[in-house]
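A.B. asks: In order, the protein sequences belong to chains P and R. Residues in the first sequence are numbered consecutively from 150, following the working numbering. Residues in the second sequence are numbered consecutively from 103, following the working numbering.
One or more hints might be untrue.
Distance condition first, Cα-Cα at most 27 Å in a straight line; then the derived DSS-like pairs of lysine-lysine [what the hints assert, rightly or not]:
hint : chain 1 : residue 1 : chain 2 : residue 2
1    : P       : Lys-339   : R       : Lys-404
2    : P       : Lys-161   : R       : Lys-266
3    : R       : Lys-204   : P       : Lys-288
4    : R       : Lys-374   : P       : Lys-210
5    : R       : Lys-274   : R       : Lys-328
6    : R       : Lys-266   : R       : Lys-319
7    : R       : Lys-430   : P       : Lys-339
8    : P       : Lys-210   : R       : Lys-266
9    : P       : Lys-315   : R       : Lys-204
10   : R       : Lys-274   : P       : Lys-174
11   : P       : Lys-210   : R       : Lys-404
12   : R       : Lys-205   : P       : Lys-288
13   : P       : Lys-324   : P       : Lys-288
14   : R       : Lys-270   : P       : Lys-174
According to the in silico footprint, chain R covers these stretches of chain P (three or more CB under 8 Å from chain R) [as the list claims (entries may be wrong)]:
hint : segment
15   : 218-232
16   : 248-258
17   : 308-317
Keep in mind that the hints were calculated from the coordinates and are not lab data. Ideal placement from N, C-alpha and C gives every residue a C-beta, glycine not left out.
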Amino acid sequence: MSKEELREELLKTLSDSVVNFEEEKVGETAQRVLDEGLDAYDAVMNGLAAGMEIVGELYDKHEYFVPELLMCADALYAGLDILRPHIKMEDQDQRLKGQVVMGTVQGDVHDIGKNLIKMMFEVAGFTVHDLGRDVPLEKFAEEQMRTDSDIVALSAMMTTTMMGMKKVVEMIKAKNPNVAIMLGGAPVTKDVTELFGADGYAESAGNAVQEAIKMISRLREIQK
Amino acid sequence: MAAMTSRERVLRLFAREPIDTMPCFSGQGMVTVPAIETLGIRFPQVHLTAENMAASAMRSMEMFDFDSAVVPYDMCTIPEAFGLEVSIYENVEDILFPTIPKKWGTPEEVQIPSDYLQRGRMPLVSQAITLLKERIGRTHAIGTWILGPFTLAGQLVELDVLMKMSIKARAKVEALLDKLVDLIIDLGRHYREIGADYVNLREMGTGADILSPRMFKILIQPRLRKIFESWNSPRILHICGSTDLIIELMNDCGAEAISVDHKNTLSESRSKIGSEVILLGDYDGFTLPGQASFEEIEQAIKRCIESGVDAVWPGCDIWPEVRSDNLKVINSSIKKLGNSPTPAVGRF
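Build the full structure now, drawing on both the sequences and the hints.
C.D. replies: Structure, rendered in structure tokens:
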């Protein structure tokens, strides 16, 4: 088997194993990528992320749902944890260099959507400043200022918790109108996003992943 | 016939008997800040005493001409009774509903105390229902709600753990759900015995934007059926979020009434479930009472009725910071536009 054939095979195994949430197999294959001297960044983008792209399509077609997304995410992390330390400096230069602050707003302790989108940002190469959940509102603006992040991603699962996001948007935009603010969560709609003055939204964990996948897909296209 | 009381209107709707006009009510929280302010208390205080809970529900009902009063307001009363800590956000000025900051790591860790009705704020909820029964029970309906087994499990165990275990260790999740089903049956009966006219089962963590219809059928539906088989009418099943894919499964759980939110395609749902079952929904409890113009409100109410609901009610808790005029227009529009027969309920 040529090196290129081996590369293709391992990338496919990584992708398939993410889709089939085979955590152990992803870990073993990621290790094999390193053992064979193949490129770690290539394996992340064209193996793991490619698999997550398929997962997103399956979610879109109502074949996968949130539990499946979570299982796939675990599988992806099993590979990412092994491969990430071995990404070469020159590849790191190619990666997106943005920084993102994220968290669920005070009053909300549901963080599934936030954690899924965090994973996709990490795959894409962003530096993620995860504030966790039930985060006091002023903390988002403070962290954005401290890190000079380009994006702030806020999440709230219920109507009863989403109003805090409006205040965060106001606080951040008052200090830095150029920061892109993404809202996520079941109660968030296009109207709410506009009303709150945010820049984008995803109404479910799956949609959030879809949005992030589009971003990564564009990156993969650029690199081809 | 003498003028119908609010309570009669609600009970007759659930019995599918003719009514004079559509009731204005909810199966979710509908406490409002304007009502709380007249009581001289702050939002966190409505959760902390039976008097505050009952008085705020009653005042919200009176101010906006609702046909029912609903308690409690937060989803933490049962987890708290099980021993989990609750954040009430007593010192926060914004409207924040109580939360559980730290849940159990696995379903096996959950312990259900036999005296749960005497623990935490459970006695307050019971007292609040009793107070409402004493004060308004002759004229107005008293509503309450309980989380469905999966949604309640998600308040007890980290939701991501619960969801993943639903695939890879389903038996452990099922064991917890079965214990919770027994508790929910018991609690629903208790609420009815002390004066609640209706209990809404809120299984909002199981919509098709979260679980597959297949998993709903295997994991959720049999348990909802068991609950509804054990409860007396009226039996209401509420699921918010994406319900188009599971509306027929919802209709096959044994409830007389199905409640959905604005993400449901109402007219399609009505044609799928037929005209026997009571359909409740689905206005946006944030936008309509808090943001919309009067014209938008009337259009939204009209759309709900034309799409085939038997009562227009909010698809989730009403966001407490309502514009008083908006909520008054919502309820007057429902009364005005709801005077014709609906698919499951006739008119005098």
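A.B. asks: Next step is simple, just say for each hint if it's right about the structure.
C.D. replies: Here's how the hints hold up against the structure:
no.: 1; hint: Lys-339(P) <-> Lys-404(R); in the structure: holds, 22 Å
no.: 2; hint: Lys-161(P) <-> Lys-266(R); in the structure: holds, 24 Å
no.: 3; hint: Lys-204(R) <-> Lys-288(P); in the structure: holds, 20 Å
no.: 4; hint: Lys-374(R) <-> Lys-210(P); in the structure: holds, 21 Å
no.: 5; hint: Lys-274(R) <-> Lys-328(R); in the structure: holds, 19 Å
no.: 6; hint: Lys-266(R) <-> Lys-319(R); in the structure: holds, 17 Å
no.: 7; hint: Lys-430(R) <-> Lys-339(P); in the structure: holds, 26 Å
no.: 8; hint: Lys-210(P) <-> Lys-266(R); in the structure: holds, 20 Å
no.: 9; hint: Lys-315(P) <-> Lys-204(R); in the structure: holds, 26 Å
no.: 10; hint: Lys-274(R) <-> Lys-174(P); in the structure: holds, 25 Å
no.: 11; hint: Lys-210(P) <-> Lys-404(R); in the structure: violated, 32 Å
no.: 12; hint: Lys-205(R) <-> Lys-288(P); in the structure: holds, 23 Å
no.: 13; hint: Lys-324(P) <-> Lys-288(P); in the structure: holds, 14 Å
no.: 14; hint: Lys-270(R) <-> Lys-174(P); in the structure: holds, 16 Å
no.: 15; hint: 218-232; in the structure: holds (count 3)
no.: 16; hint: 248-258; in the structure: holds (count 4)
no.: 17; hint: 308-317; in the structure: holds (count 7)
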